[in-house]
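J.: Each chain, letter by letter, is given below.
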Amino acid sequence: MGKFFAVVLVIIAVASAYPIVAHHFPLPEDISTHGYLIDDQLNETMVEAGLSFLAAQLVLAFFLWSFTGRKPRSPLKNFPGGARVLVIFAFVIVGLEVLALGVMGQKAWASVYFTSPSANAIQVQAQAEQFAFYFRYPGPDGRFGQIHPEKIDEGNQNYFGLDPENDVAARDDIVSGELVVPVNKEVHLMMHGKDVGHSFYVRELRIQQDFMPGLDLAVHFTATKTGKYEIVCTQLCGLGHYNMKAYLNVMSEADYDNWLKQQSQ
Amino acid sequence: MQMKQVVFAGVLVGVSAAAVANPNPAGGTITGKVTYTGTPAKMKPIDMSKEPSCAKVYTTPPTAETVVTGPGDTLGDVVVYISAGAPDDPAPSTAAVFTQKGCRYIPHVLALQVNQELKIVNEDQTSHNIHPLPKLNREWNKSQPPGTPPISEKYDKAEFIPVKCNVHPWMHGNFAVLKNSHYAVTGENGSFTLPNLPPGKYTVTAWQESYGDQSQDVTISGGETKTVNFAFKAKPY
Chain A
1 MGKFFAVVLV IIAVASAYPI VAHHFPLPED ISTHGYLIDD QLNETMVEAG LSFLAAQLVL
61 AFFLWSFTGR KPRSPLKNFP GGARVLVIFA FVIVGLEVLA LGVMGQKAWA SVYFTSPSAN
121 AIQVQAQAEQ FAFYFRYPGP DGRFGQIHPE KIDEGNQNYF GLDPENDVAA RDDIVSGELV
181 VPVNKEVHLM MHGKDVGHSF YVRELRIQQD FMPGLDLAVH FTATKTGKYE IVCTQLCGLG
241 HYNMKAYLNV MSEADYDNWL KQQSQ
Chain B
1 MQMKQVVFAG VLVGVSAAAV ANPNPAGGTI TGKVTYTGTP AKMKPIDMSK EPSCAKVYTT
61 PPTAETVVTG PGDTLGDVVV YISAGAPDDP APSTAAVFTQ KGCRYIPHVL ALQVNQELKI
121 VNEDQTSHNI HPLPKLNREW NKSQPPGTPP ISEKYDKAEF IPVKCNVHPW MHGNFAVLKN
181 SHYAVTGENG SFTLPNLPPG KYTVTAWQES YGDQSQDVTI SGGETKTVNF AFKAKPY
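Heads up: the protein sequence lines correspond to chains A and B, in order. When we follow this note's numbering, the leftmost residue of the first sequence carries the number 1, and every step to the right adds one. When we follow this note's numbering, the leftmost residue of the second sequence carries the number 1, and every step to the right adds one.
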């Protein structure tokens, strides 16, 4: 029976490793300049975790195979050096592995999240609320109008609480339900949550960043391929969470300029 | 015992007074038009891309409806009603229907009477969560998935109540809960008619959700028709 289990174990381990080794479930297309860092890190994690997984299963199968069918009263031989050495050895090797992943991973993470955008990056403000995203562009004057929470009037499409009556900078602000960006240009996305926690996730951009109410967070990215991609909320935010999405529309620069002009009219 | 009799007598007087006050429907009429002066804010198109089942209903995106205007500077969606001078009416037996269609509220402004049945219908292929925001009445919000039966509610105090949807931020409407049956909601042409008014002195009020309200006093004697016009000052922002 033990030998049978050992064989089944090996089959399961190899069969579950195969689709990953064979890239059966490839990552979605990467349309960002930093995405390869995240992908490399994911691959590295996958390889290391996969090897550890296979090794552990094979060792388990080996022991099952070797020690099965023992006579009931035959004594167990001691492991060389005793159990303590083995536990410490396993502890150190797993610890080193986790540490190594962390040290290498933080470089990929920091290059995306802990660097500043370039000075001429396009400024866009993103606001998350139950259950939609809205995006704001400063308009032709290049300045964002001030936000007044008491002026928020959604029935009147004033999602950000602008005060165009008294604030000249707010008059030409463009508010859109779609995140429109030009291709190959850096975008500085300033994120601001209106009610509860939400998340901005575009898998093709390899960006996932939470919105925190009361905290202004920012990410920056450069999209390298035109097209329409889904932005989804990945932080359970209430009954409409399943339906909270928007689109990222990456356009050629000419199309983007046209879009801006249209919106300003 | 005595108390009960007094109350009973009071009810009797009240009922007979109502019967005397409105002996037949042919009374006076107040008619008129609601217009604006100045420049109203430009209504922005609504981006419904996150809800494709609603977005596909429209060939061009619909605009916000907080100010509805018609040719000749007329104002639509204005509630014109008798705010003083008319007795309170019992609620009619018919329900006032408020429909969610294409991720908008139809009508945008629904006038109904105190204690009249309010029926909320979802005709969309998506879930809505209707959330009226009263100050005097009890507040509630109810989820309504597609294909579910209408929600039935009523309000027991007169009030103007903004309505929003907790799922679709752009959805916005109003309930005008009124005490008597003498009211009208203007169409795009801004005109209204309040018929069947028994002789008396009335205050006519016009209410617009962005511009507030205006009142005028009118005296009706006999079966005459009196014209009352309202002009609101529009704000560009």
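These are computed hints drawn from the structure, not numbers from a lab. Note that this is a predicted model, so its numbers are computed, not measured. Cβ atoms here follow ideal geometry from the backbone N, Cα and C, with glycine treated the same way. Some clues are possibly wrong.
Ranges between beta-carbon positions, derived for each pair [claimed, not checked]:
1) LEU236/A x GLY70/B: 41 to 47 Å
2) THR45/A x PRO61/B: 41 to 47 Å
3) THR60/B x ARG143/A: 55 to 61 Å
4) VAL59/A x ASN141/B: 35 to 41 Å
5) VAL94/A x PRO150/B: 36 to 42 Å
6) ASP88/B x ARG143/A: 52 to 58 Å
J.: So, for every hint listed, does it hold in this structure?
T.: Here is what the structure says about each hint:
1. LEU236/A x GLY70/B: 41 to 47 Å: Holds, since LEU236/A and GLY70/B (Cβ atoms, about 45 Å apart) stay within the stated range.
2. THR45/A x PRO61/B: 41 to 47 Å: holds (44 Å)
3. THR60/B x ARG143/A: 55 to 61 Å: violated (31 Å)
4. VAL59/A x ASN141/B: 35 to 41 Å: For ASN141/B against VAL59/A, whose Cβ atoms are near 57 Å apart, the range 35 to 41 Å is violated.
5. VAL94/A x PRO150/B: 36 to 42 Å: Because 60 Å falls outside the window, the suggested range is violated.
6. ASP88/B x ARG143/A: 52 to 58 Å: holds (54 Å)
Checked against the numbered hints given earlier, this structure breaks hints 3, 4, 5; the rest are met.
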